[in-house]
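Participant: Quick note on numbering: the sequence shown equals residues 98 to 194 in my numbering.
Incorrect hints may have been included.
As the list claims (entries may be wrong) - With a straight-line cut-off of 27 Å between C-alpha atoms, the simulated DSSO-like cross-links for lysine-lysine are: (1) 130 / 166; (2) 130 / 163; (3) 174 / 163; (4) 174 / 130.
As the list claims (entries may be wrong) - Derived DEER-like restraints, expressed as beta-carbon distance ranges: (5) 181 / 157: 18 to 24 Å; (6) 137 / 179: 17 to 23 Å; (7) 164 / 144: 33 to 39 Å; (8) 185 / 140: 14 to 20 Å.
The hints are simulated quantities; they were obtained by calculation from the structure and are not laboratory data. Cβ atoms here follow ideal geometry from the backbone N, Cα and C, with glycine treated the same way.
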Amino acid sequence: MSSGTEKRNESDTQCHRKRQSGHNGLGLQCLRKENANILDISQTVMSECFTMIMLLDVSDLSSSFKEFKEEMAELGKNHGLEIAVHREEIFRACNRI
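Take these sequences, add in the hints, and give me the full structure.
Facilitator: What follows is the structure, given as structure tokens:
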């Protein structure tokens, strides 16, 4: 049982693309392969633009955070998406400005 004082290693992942179907599964397969756990997810379609933001627990990644970030960016590039992975503390600091 958790004492509530443990700190998770969290990451924010953002995905943006022109509205199309079928791409969500690609990212989810990669997350499963890398042992990234989705803690929270938000997605919306604005006109022709799809956007998704996920809060991930990346404490049990099967690769380094840098490799995970690069793999997600490459996945996006290969499928016409923009996928950006950031450490949670960086994401929060940028949104405070």
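Participant: Which numbered conditions among the earlier hints are violated in the structure presented, ordered from lowest to highest?
Facilitator: none
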